[in-house]
Amino acid sequence: DSGVTQTPKHLITATGQRVTLRCSPRSGDLSVYWYQQSLDQGLQFLIQYYNGEERAKGNILERFSAQQFPDLHSELNLSSLELGDSALYFCASSVEGLAGVDTQYFGPGTRLTVL
Amino acid sequence: GQQVMQIPQYQHVQEGEDFTTYCNSSTTLSNIQWYKQRPGGHPVFLIQLVKSGEVKKQKRLTFQFGEAKKNSSLHITATQTTDVGTYFCAGDTDKLIFGTGTRLQVFP
Numbered sequence: 019d020s021g022v023t024q025t026p027k028h029l030i031t032a033t034g035q036r037v038t039l040r041c042s043p044r045s046g047d048l049s050v051y052w053y054q055q056s057l058d059q060g061l062q063f064l065i066q067y068y069n070g071e072e073r074a075k076g077n078i079l080e081r082f083s084a085q086q087f088p089d090l091h092s093e094l095n096l097s098s099l100e101l102g103d104s105a106l107y108f109c110a111s112s113v114e115g116l117a118g119v120d121t122q123y124f125g126p127g128t129r130l131t132v133l
Numbered sequence: 088g089q090q091v092m093q094i095p096q097y098q099h100v101q102e103g104e105d106f107t108t109y110c111n112s113s114t115t116l117s118n119i120q121w122y123k124q125r126p127g128g129h130p131v132f133l134i135q136l137v138k139s140g141e142v143k144k145q146k147r148l149t150f151q152f153g154e155a156k157k158n159s160s161l162h163i164t165a166t167q168t169t170d171v172g173t174y175f176c177a178g179d180t181d182k183l184i185f186g187t188g189t190r191l192q193v194f195p
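Which chain is which? The protein sequence lines are S and C, in order.
Quick note on numbering: the first sequence equals residues 19 to 133 in the numbering used here.
Quick note on numbering: the second sequence equals residues 88 to 195 in the numbering used here.
Chain C with its partners taken away, still in its complex shape (with noise of 0.2 Å):
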């Protein structure tokens, strides 16, 4: 069945630091969303790449979807305690695919 990846599965930054996680699919994409949990809470949607190629920004968040729809990453730069969480990704097909999940712990 179709799998989505997630690595590093944990990452500890130093506050300040950047950080990047990576999604793999072993299928084709239509799109792709992002989400965070907090430990202890729920996923919030982020954003959704559509576009191969698309880059998309918000604020220190940088989030790119592959030329072949296939990877995509989301880049933190000059972490904060407050990105502490789990990053995750979804892949659509006819269902949403959640990936592994990231998690993120930025030490000050």
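One chain only, chain S, in its complex shape (with noise of 0.2 Å):
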């Protein structure tokens, strides 16, 4: 158990819905990171927020978007959802958000099926 949590641990839902993923990180780290990985693909890095600021934006659709709330925990906006949307979503904690310094420590993932 890593100590970050994600709900819910599964959503089915229809195109051209939304939906919110939330994360929580570990205790005492600041940064949060959302990664998408599709079926037997790499991990692709969305966005990264620091103590409730953007860090870092990877590849994120413009349909996407995510914050981190004062007490840290994070929530990714899913809109106007596509069948290609379906995949593992990963929210990751870190310390201090130093990308390649930090150790990132990875939720259980959140699997979103479109319909």
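It is worth saying that the hints were derived from the structure and are not from the lab.
Just so you know, these numbers come straight off a predicted model, no measurement behind them.
Just so it is clear, CB atoms sit at the ideal spot from N, CA and C, and this is done for glycine as well.
In silico contact screen, one side only, chain C against chain S (beta carbon under 10 Å); selected entries:
1) Gln120
2) Gly128
3) Pro130
4) Val131
5) Phe132
6) Phe175
7) Ala177
8) Phe185
9) Gly186
Simulated pairs of lysine-lysine, BS3-like, Cα-Cα distance not exceeding 25 Å:
10) C:Lys138 / C:Lys182
11) C:Lys182 / S:Lys75
12) C:Lys144 / C:Lys157
13) C:Lys123 / C:Lys182
14) C:Lys182 / C:Lys157
15) C:Lys157 / C:Lys138
16) S:Lys27 / C:Lys123
17) C:Lys144 / C:Lys123
18) C:Lys123 / S:Lys75
19) C:Lys123 / C:Lys138
20) C:Lys157 / S:Lys75
21) C:Lys123 / C:Lys146
Assembly of the complex is requested from the two constituent chains, each provided in isolation within its own frame, with the hints serving as guidance.
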């Protein structure tokens, strides 16, 4: 158990809908990262927040947005969902949010299925 | 953009055989991390390499960072069925870029 929690574990929805994925980082970690992992694919970095502020952006679609709240939990919002958005979405957290310095601890993931 | 490629994509070995996965970056890295993801699980941090030419060992696992800091390797000696999973390298620039991963299958 990494100490990072993600809800829900599974999500099934229809095309065109909007969903929100939630992540609570490890106690003491200030940075949160979001990744997308499609079937048999690697991890695609989406976005990183540090202490409430956006720090780095990856291959995140304009239909997707995220934020980190004062209590440091984060939400990833996915809208106008398409079939291709079906994937495993991981949240990770680290202490300082310095890429390559901090160890990232991954949550169990949310499996999103778009029908 | 920066790319981190891993080879092979898949590797099937007999238990007891050795296994190596190679990681190559298109740009020089500050450091590199390795993660393991078991089937159905989430990535778990294994190790970080920082120095040029650095070699680190964890029991049967040997990690190496290239002299030019653009490539890295993970070698597992005498694989066991518990080694099954996908091994990712992750290279650092201003953000961590994960490699494409190598999926290891070990047959008993």
